[in-house]
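Take the sequences, apply the hints, and build the full model.
Protein chains: 4
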Amino acid sequence: MSRPPGLTPRRIPRQDRSRRTVEGILDAAARVLAERGYDGASTNRIAEAAGISNGSLYQYFPNKDAIMVAVVDRFADHLTERLGAQIDATMHQPWPVAGRALLDVQIRLFQEHADLLRIIVEQIPRLGPFDKLAGLQRRLTDLVRVQLLLNRSEFRDDLDIDTTLWMLTEIVGSVSVRYVLDRPPVPHERMVDELADLVIGYLRK
Amino acid sequence: MSRPPGLTPRRIPRQDRSRRTVEGILDAAARVLAERGYDGASTNRIAEAAGISNGSLYQYFPNKDAIMVAVVDRFADHLTERLGAQIDATMHQPWPVAGRALLDVQIRLFQEHADLLRIIVEQIPRLGPFDKLAGLQRRLTDLVRVQLLLNRSEFRDDLDIDTTLWMLTEIVGSVSVRYVLDRPPVPHERMVDELADLVIGYLRK
Amino acid sequence: MSRPPGLTPRRIPRQDRSRRTVEGILDAAARVLAERGYDGASTNRIAEAAGISNGSLYQYFPNKDAIMVAVVDRFADHLTERLGAQIDATMHQPWPVAGRALLDVQIRLFQEHADLLRIIVEQIPRLGPFDKLAGLQRRLTDLVRVQLLLNRSEFRDDLDIDTTLWMLTEIVGSVSVRYVLDRPPVPHERMVDELADLVIGYLRK
Amino acid sequence: MSRPPGLTPRRIPRQDRSRRTVEGILDAAARVLAERGYDGASTNRIAEAAGISNGSLYQYFPNKDAIMVAVVDRFADHLTERLGAQIDATMHQPWPVAGRALLDVQIRLFQEHADLLRIIVEQIPRLGPFDKLAGLQRRLTDLVRVQLLLNRSEFRDDLDIDTTLWMLTEIVGSVSVRYVLDRPPVPHERMVDELADLVIGYLRK
DNA sequence: AATGAATGAGACTTCATTCAT
DNA sequence: CATGAATGAAGTCTCATTCAT
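Each protein sequence line maps, in turn, to chains S, R, L and Z. full-length UniProt numbering puts the first residue of the first sequence at 1, with every later residue one more than the last. full-length UniProt numbering puts the first residue of the second sequence at 1, with every later residue one more than the last. full-length UniProt numbering puts the first residue of the third sequence at 1, with every later residue one more than the last. full-length UniProt numbering puts the first residue of the fourth sequence at 1, with every later residue one more than the last.
If you're looking for bench data, these hints aren't it; they were derived computationally from the structure. Everything numeric in this text was worked out from a predicted model, so none of it was measured. Just so you know, nobody snuck in bad clues.
For identical chains, the list gives no copy identity; a pair is met inside one copy or between any two copies.
Lysine to any residue pairs mimicking SDA-like chemistry, simulated, CA-CA at most 20 Å apart:
(1) 132 - 182
(2) 132 - 79
(3) 205 - 190
(4) 205 - 156
(5) 132 - 66
(6) 64 - 123
(7) 64 - 39
Next comes the structure, spelled out in C-alpha cells:
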C-alpha cells in the first residue's frame, strides 16, 4: 500500500507542519510561563504568542493542562537526552570523575533553563507529578545504585542502599535546583566541588 | 523588608468573637488548600468552610493572598516558638548534641504539620518572600554561623563560612521537608542520624 | 407638664449633641464627595470621616441617599440664606444694580463651594431633582418676574414673560456654573459684566 | 489628547456578525441607561438587553466605561456628520442666516435624540473628556471664531474674542440642551428666534 | 444610643472551552 | 484545518444595610 515516492510528500509536509505547530505552541507556552507565571499563562495568550488562533490550540491539545504537561515533558526529554549523552561519554571513568561530570552538566542544564525550571518548581507542583520527569529521576537513581553496588568496598560499611540512594538523590537534586534559583554568591566550579565533597564525605569510610 | 500594605491584615480584631472568626478563617483556608489545592481555594469556598459569609473574609483580609500569607505566618510563628524553646533548652550543650536535638525537633514538627507543610511547599505560589518564615530561617542561620565560628578548630580549614552556611541550610531544610512529604521508608531516628552524619562528614577535617 | 428648669438640660444637650453629630456627618459626606466622587463616597468612608461607627449613620439617616439629599439640601439652604440677604439688601436699588449685585454674589458663592457644586452638577443628577434647590430656583424666578413686570416699559415690547423668564434663568444659571467649573481665563469682574451685558442686550428695546 | 488605552475598544470587528454585535451592545447600553440610570446599567444587564452573554461584551470593550465612551462617541459622530452637512450647505450665506440655520438643525438633532442626550448629560459621569464630542465642540468654536473675525466691523468694538467665544459656546450649548430636556412651553421656531436674538443682542454695537 | 461584626447580593472581569463559518 | 466569535461559570471584591452586644 505504499505510495509512489513522488506523491507521499503531500502528506509528509502536512504532518511536518503539524509538528512544527506543536513545537511553536510549546515554545510559546514556555515563554509565556516564564514571563507571566502559571496564572498569567492563559490559553489565549499562549495562542497569541504562538501566532495562531485560540481555537487552533484545541486541535492539538485537549485542554490547557495537556499543554503544561507537554511543556514539562519536553523539558524532561531534553534533560534526559543531554544527561544520557553525558553518561554515555563518562561512564567508563572512575565514579568520582563521572559523578562530578554529571553534576556539572546537570547544573549547567538547569542554569540554561532557569526560567522554566523556576515555574516548574514553584508553580506547577499544583498539577501533580509528571511521568517523564519521574522517569528521568528513576533512571538517575538506578545509575547511582549500580555505582554504589559496584564500588561498595570503597564506602562506609553501614550504608543502607535504599536510604543512601534517597539521600543522595534528594540532596543533589534540591541543592542544584536551589543553587540555580536562589543564585547564592558561589561560583559554578565551587558549587560542583562542594557538592562533590559533600557526597564523598557522606559515603567515605 | 516589611510586606507591601496590600497583604497585611485589615482589621485588628478587638472583640473575642472576631478573634475566633480570624482563627476560623485560617483553619478553613488551610483545610480547603489541602483538599482542593491553591487554584481550588477560592475565597467563596474558604468562607463557606469557615461558616461565614464571603463578605466577612474581607473585614479581616484585604485580598485572597493576604489570607495565604497569614496561614504561612501563623505556621512560622508556631515553628519559631517551638524551635526557640528547643534552642534555649540545649544551647549550652556541645554542638553535635544540640544540633542533633534541633534537627530531631524540626523533623518532628514538620511531621506534626505535614498537611500544612505540603500546602506551603506545593500549593502556595511564591507571593514574594514570607517575612516570618524568612525571619525564622535567618535566626537559624545565625545560630549555625555562631557555632561554626566558635568551633572553627574542629572543622576543615578550607571552609568558606558563607558557602558552608548556605549549603547546610539548604540541605537540612530540603531534606527534612522532602523526608516528611515523600515518606521514604526510613525511620525517624535513622533519618536524624543520616542527616547528622551528612553534616559532620561535610564539616570534618 | 413642663419640667423644672434645672432638669431639662438633660435632654437639651442630647438633642444638641445629636444635631452636632448630624452636622458632622454632612460635613464628612461633603468632604468625601469632593475628594472621591459619588462612587467613592461609601457609607463606611463617610462614617470614618465623621469619626463615628458605620452603624451610627443609620441612627440619623435611613439610607445613603438620604445623606446625599441632606448634603444638597444644606447647600441649598446656605445659598438661599446668602442670596436672600443680598436680595433684602439691594432690592430697593434700580434693577440693573440689584441684578448685577445678585449675579456677583451668586458666582462668588459657587466659587466658594466649587467642589461640592461640581459633584452636584456632574454626578448627582442621577439622584433626580432636589426639592430645596428647586425651591431656590423658583424663588429667584419669581423675583425676576416681578422686576420684569414692574419695569416693563424699559424692555422690548415683544417679550413673552414666561419665555423670557425661562431663558434668563437658564442662561444665568448655566453660565455661572460653567464659569466656576471650567475656569475659563476670564476674571470675575469681567464675567459679571459680560453676563450683565448679555441680559441687558437681550431685554432692551 | 488621545484617550488612555484602557478606554479604547478592544477587538476591531472583522466579520459582519461582530459588527452587528457591537451595534447591538451600544443600542442596548443606551436603552438600559435610559431605563435604569448609570448605576443600574450593569454590564450584566447590558449584555442581557443586547441578547448576548456577558463575556461577549468583553470581547469588544475592555471595561464598562469603554462602553459608555463608545455610546457617546457614536452620538458625537452622528452629530458631526449632520452638522457638517449643514455647515457645508449654508456656509456661503450671510452669517445671521447660516448661524440661525445651524442653530435650527442642532436643536432638531438634540430633539431627535433627546433620550440619549439626557443620558449623556444626566447619567454618564465625567469619564475624563470625551474626545469626539470635544472635537465637535472645537470645530464649531473654530467656525464661530472665523465668522467673528470676518465680520468684526458689524460688532461691538470692545469684544474680546476668546471671552466672547466661550460665552457664545456655553450659552448656545446649554440653552439648547436644557430646552430639549426641560421641554419648556416654547415652540421650536420661537426658541430659535430667541436664541438668535440673544446672540445678536450680545454682539451688536 | 453606639459599636463593630456580619451579611449577602451583586458588580466587574477573566478564561477555558465550544461552535459556526 | 483554521478562524474568531460566543459562551457562561466562576472568581475576587465592595458596599449598603442589619444585628448582637
